[in-house]
Each structure stands twice: as C-alpha cells, then as structure tokens.
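Chemist: Knowing the structure of chain A, use the given hints to seat chains B and C on it.
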Amino acid sequence: MKFTPKQLDGNVNVSSTHPLIELLWLLGGLALLVGLFFFIFGATTDWAVARTPIKVETWIGELALDEFPSKENPPLEKRLQALLDKLPADSVLHQYKFRVFLVDSDEVNAIALPGGNIVVYSGLLKILTSENELAMVLAHELGHFAHRDHLRSLGRGLGLAVVTTLLFGEGSSASSLVSKTLLTFQAQYSQTQEAAADRFGLDLLVKRYGHAGGATDLFASLAKNPGEKFPYLLASHPHPEERISALIQQIKDKNYLVKNTLPWKHNIIPR
Amino acid sequence: MIMTNVNTVPGKKIVEHFGIVQGSTVRAKHVGRDFMASLKNLVGGELKGYTELLQDSRKEAMQRMEEQARQMGANAVVNIRFATSSVAQGAAELFAYGTAVRVE
Amino acid sequence: MFLQNFNLIIFIVLIILGYSAGSLAEKRHYRSIIKRERQLLKMAVVTAEGSFPPGHVKSSTLVSGSAVISIDYFKRLLAILRNIFGGRVKSYESLIDRARREAILRMKESARKQGADMVINMRLETSTIGRNANRRNSVGSVEAIAYGTAIIRNN
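Sequence order for the protein chains is A, B and C.
For reference, each letter of the first sequence is one residue, going 326 to 596 in the working numbering.
For reference, each letter of the second sequence is one residue, going 1425 to 1528 in the working numbering.
For reference, each letter of the third sequence is one residue, going 10 to 164 in the working numbering.
Straight-line alpha carbon distances no greater than 16 Å define the calculated EDC-like cross-link-like pairs of lysine to aspartate or glutamate that follow:
no. : chain 1 : residue 1 : chain 2 : residue 2
1   : A       : Lys579    : A       : Asp528
2   : A       : Lys327    : C       : Asp126
3   : C       : Lys99     : B       : Glu1484
4   : A       : Lys422    : A       : Asp410
The set of hints was computed from the structure by calculation and includes no laboratory data.
With the rest of the complex left out, here is chain A:
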C-alpha cells in the first residue's frame, strides 16, 4: 500500500477570528447585558421604594448602626432640627426619627445610615470654618433620606447579586467577572445620587439661612488636595471640583444670594 504524506497549510481545527476582536465582542455583550439588568432592577427598585414604609428602613438601620462605636450628640441634633423645621409639612423626612452621632476619629467624613441615623466624624468638624458649612453637610445627608437612596442602591446591588448567583452558582469565575462590570455601573449611579443630595442640600441651606454662603467651602478645602480626576471614574462620589461647579451653577440658576457665613460655636466636641 502506498503512503503519500502531505504537509497541510491551513489548520482546520483553529478558527481564524482574531482573539482581540472576539474579546471586544464578548466584553461589549457583557456590558450590554449587565447594563440592561441594572436598568431593569433600577426601574423595579424605584417602583418598590416609593411603596416601602419607613419602618423597613429603620429596621435595616438598626443593624447597620451596631458597626459604629458612637454616642448621640445633642448639639448636632439641635442644628439638624433647625434644618428640619424649614421643610414643607408634607416632606417624607418628617416621618423619620433622626439621630446624629459623633465618632471620635481623624477621618473627614459624614455618613447617612438607613433609618434616620447620621454619623459625623470629628475629623470633619475640625476642618469646618462656619455654621453654614456644617448645615450644608447635614442638609446633604438629609437629601439622601429624602430620595430614599439607601433602599435604591440596596435593591440594585442585591437584585443583581441574586441573579448572578442563580445563573452561575456561588463564587464562580463568571460571577466575579460580572460583578467587576457591575462596579462601573454602580459607581456612576452612586455619583448621580451624591449630586442629587448636593442639590437638595443647597436648597435646604438657603431655606435655613436665607442665602447660599458656605455651601462650597467644605469641597474647596477637600479640593486643595484632590488628586487626579481619573480615580474618580470608579469612585462613589464625584470629584470635589465637579461638585463645586455644580453648586455654583445651581446658585446662579436659582438666583441665590451669597452672604457672609456665621462663625461656628465650638460646643460640639465634648472635652
């Protein structure tokens, strides 16, 4: 029997698609899919949040509060009450029982926790220069509650986590890839939430003091060492300079006055 070997040129067993093009297609498809799910969960969550009573949020809030070692702070709560008094009577914020806690730490931060609890870090108080600045911070946190931001982001994040686990099983590499894609969408959504809280905070500040002085002061001190704009793509808050320009634009649009701020009374930090 004759043997006729032949060296073949092509390779039938390997597809000719360039791997980078395939990667582009697949990543595009993934981004589309995750974006679609995010949108659907977003719409569902927004619909559900409007119908969720405050009691549910308070219950979640009690669980979150255990994480923070803190004490209730009456001087801060008095300032918060001054803001609340300026709200219209039908505002959902009147249904909350607000408590303000002070945490002894050098961190410059203030957090709104579900259920009406606000935590302020003493590091933040140390760099404040006026009563108006403090009011702006508290009003910004009130904005999160007014928009029910906690439930919204909870619904979006949880919903997608449940679907991913259902489809891929727990801890598979596919689910970690999907959650990486999810990060981008969540970060952008968080930034829009923060910007909305800024707008609410400015309006409430003006109602309290009659003018918008002090609104941008805190961001200005943060903006002194802001770092590059790039890390803020995936950050939960917008870049401080962006927040300042957004506030200035709002002041211009609504014709708010800007007057001198009140120096603040240092009776808050217990000695």
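Modeler: Just chains B and C now, with coordinates in the frame of chain A:
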C-alpha cells in the same frame, strides 16, 4: 467521503494512505441552558439543550476531520475514533480522528 | 474606592501580560511543530491495525508521547466569557491542537529512535490536569497523550 470505524472499507480496496486526520471542537454551554438544566434536575428527563449541543459538536468535529482528509487527497477515512473531555469550566471538547485513505 | 481601582488595574495588567506572552509562546510553538512535522513526514502513522506479510517485521514495541500545555490569563478570560454566552471556545482550540500535535510528534520521535518507520493503531487521549477545572481560580492545562505500536522492519 466514506467514513468507517473498522480497518478497511468493507467491499473496497485501499490503495493509498495519507496518515492521521483529526477534527476537534470546543463548545461551551451558555447560562440559559445551564438554568434550564438545573430546573430539569428537579423533575428529571432528557436535557434536550445539552443533547443538541453535543450533536452539533460531533457534527462539527467530523466535518473538520473530513475537510482535512479532503485537503490530503483522500476519499475515505477509516478506523475513526471519538474522544471527549472537559477542558474548561462549562465547556466540553469533542474530537474525532482517523486514517485518511484512498479506496477503489 | 482606591482598592477597587487597584484590583481593576491588576486585572487589566494580567490580561495584557497573558495576551502578549501567550500569543508569543503560541507562535513559537507552532513554528516548532510545523518544522518537526515536516522532518518526520516520512513516518507513517495510522489508526488502523496493519497486517504484515510474515518475515517482514523484525520487532514491534509500544511507543508514546505526551505533552501538557498550560493556559494563559487571556485565554481563561475568553473561556469565562464564552461560558456566559455559549458557542465555540476559540481560545481553547489552539491549545488542544498544539498539545495533540506535540504528543504525536514526540511519539513519532520515540519510534524513529528505535529504528521504526511506521506506527500502527495509534490512539489519542486528552484530559485536563492541574487544579480542578471547575473550581474558582483554576489554572487550566491540557494534557494529550498519543500511543501506538511501532513496527521495525526487516530490510
């Protein structure tokens, strides 16, 4: 193209042989099929989605092997064997190999 | 926040590394495979059992060749994406092809060393080695083993 899995083509004579030809394909199932399969785990029955997947894989592997044999100038492939293995999470590889020959 | 960024950057760096190093290694391997296939073209390999007239065969022996080829990070990413959408996992095709052709070449080499000019009844097996392919962070690798009977003829 004649395909057999015995040493010869019954009834014909092999006049020339060209060596090994192989065809393989790696296919992954997608999450839709996975989901339906996990539901089927509750009630039992044939997993039609996976059956289809394997049939398509087998067809494609044999097509590739046939193509390689044709490029060599053969008109039959004898002594074909199949093998399958799982090479990636959720993907199975199926491959077929045989000897390309010319029969008369 | 910066921790998230850091993880993402590491991820991207690993992918770029996997892609560049991986395609380089693959091209080099294919060149070597094609060169050796050309050299060993004269050795006949069949999957059939041969029949030989009496007196023609001096001796016969089992020969085998095997190879384990590892995956790179880029291919793994493509495989995971394919697992979501389904379809042909093209990144693995070249991996398996290389492993099998390499195994056959090594088997042929082993037969040539023994003075044979033909290998009959060749069989090919493929499997995955390394960490369990179903677990998270698994390193996939493909093993191929080719074995057959080498025929050393009387001249």
